[in-house]
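The chain contents come next:
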Amino acid sequence: MIESRIVSVIAWGVVVFLMAPLIVVIGGSFTESAYVAFPPQGFSLKWYVQLLERKDFFTSFKESLVIGVAATLGAVGLGVPAAIGLSRGPFWGRGFLKAFVMSPIVLPTVITGIALLQFYRMIDSALPLTQIVIGHIVITVPYILRTVGAGLQLLPPNIEEAAESLGAGRIRTLLKVTLPSIAPSVLVGTIFVFIISFDQVTISIFLSSADAMPLPIRIYSYIEFAIDPMVAAVSTVLILFSYLLVVVLERAFGLDRVFGGGTGR
Amino acid sequence: MITARGGLELKDVHLRYGDAHALRGISLRVDPGEFVALLGPSGCGKTTLLRSVAGFAHPQSGHIYIGSKDVVSVPPRERNIGLVFQSYALFPHLTALENVCFGLETRGVNVAAARSRANAALELVGLTGFHGRRPIQLSGGQQQRVALARAIVIEPDILLLDEPLAALDRQLRVQMQTELKSLQRKLGVTTVFVTHDQEEALAMADRIVVMRDGRIEQVAPPMQLFAEPSNAWVGEFVGAGNILSGEIVVDDLGPTIMVAPNWRIRLPNGAKPDAGKALFVRAEKIGLRAPLDGECTLRVLAHRFLGVHIEVHLDFSGGTLRALLPPEKAALYPPNSHVAAVIDPGDCRLLTR
Numbered sequence: 001m002i003e004s005r006i007v008s009v010i011a012w013g014v015v016v017f018l019m020a021p022l023i024v025v026i027g028g029s030f031t032e033s034a035y036v037a038f039p040p041q042g043f044s045l046k047w048y049v050q051l052l053e054r055k056d057f058f059t060s061f062k063e064s065l066v067i068g069v070a071a072t073l074g075a076v077g078l079g080v081p082a083a084i085g086l087s088r089g090p091f092w093g094r095g096f097l098k099a100f101v102m103s104p105i106v107l108p109t110v111i112t113g114i115a116l117l118q119f120y121r122m123i124d125s126a127l128p129l130t131q132i133v134i135g136h137i138v139i140t141v142p143y144i145l146r147t148v149g150a151g152l153q154l155l156p157p158n159i160e161e162a163a164e165s166l167g168a169g170r171i172r173t174l175l176k177v178t179l180p181s182i183a184p185s186v187l188v189g190t191i192f193v194f195i196i197s198f199d200q201v202t203i204s205i206f207l208s209s210a211d212a213m214p215l216p217i218r219i220y221s222y223i224e225f226a227i228d229p230m231v232a233a234v235s236t237v238l239i240l241f242s243y244l245l246v247v248v249l250e251r252a253f254g255l256d257r258v259f260g261g262g263t264g265r
Numbered sequence: 266m267i268t269a270r271g272g273l274e275l276k277d278v279h280l281r282y283g284d285a286h287a288l289r290g291i292s293l294r295v296d297p298g299e300f301v302a303l304l305g306p307s308g309c310g311k312t313t314l315l316r317s318v319a320g321f322a323h324p325q326s327g328h329i330y331i332g333s334k335d336v337v338s339v340p341p342r343e344r345n346i347g348l349v350f351q352s353y354a355l356f357p358h359l360t361a362l363e364n365v366c367f368g369l370e371t372r373g374v375n376v377a378a379a380r381s382r383a384n385a386a387l388e389l390v391g392l393t394g395f396h397g398r399r400p401i402q403l404s405g406g407q408q409q410r411v412a413l414a415r416a417i418v419i420e421p422d423i424l425l426l427d428e429p430l431a432a433l434d435r436q437l438r439v440q441m442q443t444e445l446k447s448l449q450r451k452l453g454v455t456t457v458f459v460t461h462d463q464e465e466a467l468a469m470a471d472r473i474v475v476m477r478d479g480r481i482e483q484v485a486p487p488m489q490l491f492a493e494p495s496n497a498w499v500g501e502f503v504g505a506g507n508i509l510s511g512e513i514v515v516d517d518l519g520p521t522i523m524v525a526p527n528w529r530i531r532l533p534n535g536a537k538p539d540a541g542k543a544l545f546v547r548a549e550k551i552g553l554r555a556p557l558d559g560e561c562t563l564r565v566l567a568h569r570f571l572g573v574h575i576e577v578h579l580d581f582s583g584g585t586l587r588a589l590l591p592p593e594k595a596a597l598y599p600p601n602s603h604v605a606a607v608i609d610p611g612d613c614r615l616l617t618r
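Protein chains in written order, with the working numbering: chain A, 1 to 265; chain B, 266 to 618.
In case anyone wonders, no lab produced these hints; they're calculated from the structure.
In this text, all values refer to a predicted model and were calculated from it rather than measured experimentally.
Check each hint, because a few of them may be wrong.
Said to hold, decoys possible - Chain B residues, not near chain A, derived (Cβ > 12 Å throughout): (1) Asp277; (2) Asn364; (3) Pro486.
Stated by the list, open to error - Just so you have them, the derived chain B footprint on chain A, three or more residues with Cβ under 8 Å: (4) 21-27; (5) 153-163; (6) 168-176.
Stated by the list, open to error - Pair ranges (Cβ atoms, derived): (7) Leu571/B to Ser4/A: 47 to 55 Å; (8) Ala468/B to Val15/A: 57 to 65 Å; (9) Pro340/B to Ser8/A: 53 to 61 Å; (10) Tyr243/A to Glu343/B: 48 to 56 Å; (11) Gly85/A to Ile401/B: 23 to 31 Å; (12) Ile84/A to Arg294/B: 57 to 65 Å; (13) Ile171/A to Ala468/B: 39 to 47 Å; (14) Glu343/B to Val15/A: 58 to 66 Å; (15) Gly169/A to Ser326/B: 23 to 31 Å; (16) Ile401/B to Leu245/A: 54 to 62 Å.
Yeah, the Cβ is synthetic: ideal placement off N, Cα and C, and Gly gets one too.
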């Protein structure tokens with residue numbers, strides 16, 4: 001009895017700790033005052049109206065979405081085949097290759113950012129959005145390798161041999177057996193990658209410019225000059241956006257299944 | 266579905282993994298419709314042999330015929346084999362029915378026909394009412410049945426089973442042994458079964474292939490294997506056999522083997538008294554009694570209760586013995602007592618060491 005009460009107190013403590021900042025931000029966005037105040041002073045939607053008039057924020061939001069989707073496609077497209085390849089028996093250079101593709105997760109992101117910046121300068125790149133997308137792919141591929149690698153390890157041994165014994169060639173085995181079996185872990189990886197990209201500051205700050213400025217960088221540069229409740233309004237919109245994303249995923253796949261390791265035996 | 270299909274023949278198959286010689290010249294003939302068990306300790310090459318037949322292991326030399334076709338260079342998907350793994354290897358994202366349909370789809374069977382054949386196969390293995398479940402929602406025994414249905418639905422020329430019952434608990438395993446055997450009879454499919462459980466091999470196989478270190482030690486029907494092991498190692502490995510060694514001494518009445526200074530056992534009739542041979546006698550053929558003066562005595566080390574019998578472990582100056590006795594007999598000779606062993610030469614065989 002007492003034990004379960006202690007547990008529930010701790011659990012609620014964690015919930016409050018996590019939720020409190022969100023509540024402050026959401027509440028603060030409705031204030032009438034010219035600064036973020038909590039509890040809000042009066043009730044007003046003027047900061048949302050002001051946000052709607054800021055074309056630059058809207059453009060940045062669209063850019064973040066484009067970057068997020070492109071980076072996700074890129075990281076999944078590279079990471080899934082790499083994970084399958086690296087899971088196949090020992091071959092020459094496997095250890096090195098694995099360490100190499102995993103390295104962005106170990107290196108401080110700042111260093112990756114500086115290195116990419118220098119590299120783009122050297123080759124005189126003039127593709128602002130693409131530069132950021134590539135940067136995001138580099139740092140998110142390891143997450144795909146991790147989740148998909150774990151998914152592959154959880155598969156029953158010999159399922160590919162079973163498929164082959166039943167008359168399936170390599171491509172059919174890959175498309176009908178291997179990939180569908182690891183689909184849940186690919187989905188988890190995909191969600192991670194999109195969130196990391198959408199939320200990415202460190203890499204983006206080195207690579208963004210007037211031509212391509214993802215939303216987190218836009219917010220960051222805005223608050224360098226002014227901290228007004230419009231920032232709270234943007235944040236509230238983002239919170240709502242994430243919430244909707246989770247609801248959609250939950251409806252489509254069931255997050256319990258996705259994060260609960262739907263590939264178990 | 267009842268068809269007499271081709272048999273299997275292996276001719277001098279050699280396979281090495283680097284320095285390790287996994288198969289050292291395996292020749293074996295399995296008749297159409299026959300059920301053969303490959304039995305041996307782990308690392309003896311039995312699984313490698315099965316994987317060679319399936320096409321997942323690649324012998325450096327030798328021939329493997331399925332029916333009359335040499336399949337050594339044929340990829341697994343074209344060998345028309347049914348394969349059941351110890352892990353079952355079911356496709357986790359497919360339902361039981363879809364798992365069974367898989368091999369039919371790759372063969373271009375249309376969906377409706379595939380479904381009806383898969384249903385028939387699932388019924389045949391005794392699994393009805395679980396068609397829409399995924400492997401994770403099935404028990405071990407049910408998964409086993411799906412794996413079996415998936416392997417037989419394609420009407421394979423050869424059915425290969427790699428320790429398929431090893432993961433089941435004992436009661437279910439015994440039940441599955443019986444079912445699997447009668448299913449194999451019904452289908453008449455040539456079957457090769459890998460196991461390290463000799464009881465399983467004895468219960469199911471028409472013939473047992475005993476393997477050791479990449480070689481075949483003996484091929485025989487279960488009862489013959491049990492009664493007439495071809496050498497001392499097989500005698501010890503299959504069942505509770507005792508091996509007694511000693512110098513061969515010929516006296517007035519004929520050849521004897523001196524297993525201890527004061528214990529000679531007469532050789533069975535017709536046995537050739539060569540050197541390098543040992544006497545083989547089954548544990549249940551050894552009788553015990555109170556020792557006489559001057560006779561070789563054995564000390565009872567321990568009793569091991571096996572249900573119907575008690576296995577009595579004995580040691581003496583010439584080695585150790587195991588005797589299987591009914592409990593009331595064993596009770597006469599508790600641990601640390603001294604006894605004499607009675608061995609009838611007619612129950613013995615002289616085997617190569």
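How does the Cβ-Cβ distance of proline 340/B and serine 8/A compare with 53 to 61 Å: does it lie in that range? holds, 60 Å
CB of alanine 468/B to CB of valine 15/A, is that within 57 to 65 Å? Since the Cβ atoms of alanine 468/B and valine 15/A sit about 59 Å apart, the hinted range of 57 to 65 Å holds.
Hey, does proline 486/B actually stay past 12 Å from chain A on C-beta? holds, 29 Å
For isoleucine 84/A and arginine 294/B, compare the CB-CB distance with the range 57 to 65 Å and indicate the outcome. violated, 40 Å
Using the beta carbons of leucine 571/B and serine 4/A, state whether their distance is inside 47 to 55 Å or not. With Cβ atoms ~49 Å apart, the hint holds.
Could you see if the CB distance from tyrosine 243/A to glutamate 343/B stays within 48 to 56 Å? Given range 48 to 56 Å: holds, Cβ gap about 53 Å.
Are there three or more residues in the region 168-176 of chain A whose C-beta lies closer than 8 Å to some C-beta of chain B? n = 4 at 8 Å, threshold three: holds.
Please settle this one: asparagine 364/B was flagged as non-interface, so is its CB more than 12 Å from every CB on chain A? violated, 9 Å
Range agreement (Cβ of leucine 245/A with Cβ of isoleucine 401/B, hint 54 to 62 Å): violated, 27 Å
Taking the beta carbons of glutamate 343/B and valine 15/A, is their distance inside 58 to 66 Å? holds, 59 Å
Distance restraint evaluation - glycine 169/A, serine 326/B, Cβ atoms, bounds 23 to 31 Å: This hint holds: roughly 27 Å between Cβ atoms.
Taking beta carbons only, do three or more residues of the region 153-163 of chain A come closer than 8 Å to chain B? holds (count 8)
Comparing the model with each numbered hint stated earlier shows that hints 2, 4, 12 and 16 do not hold.
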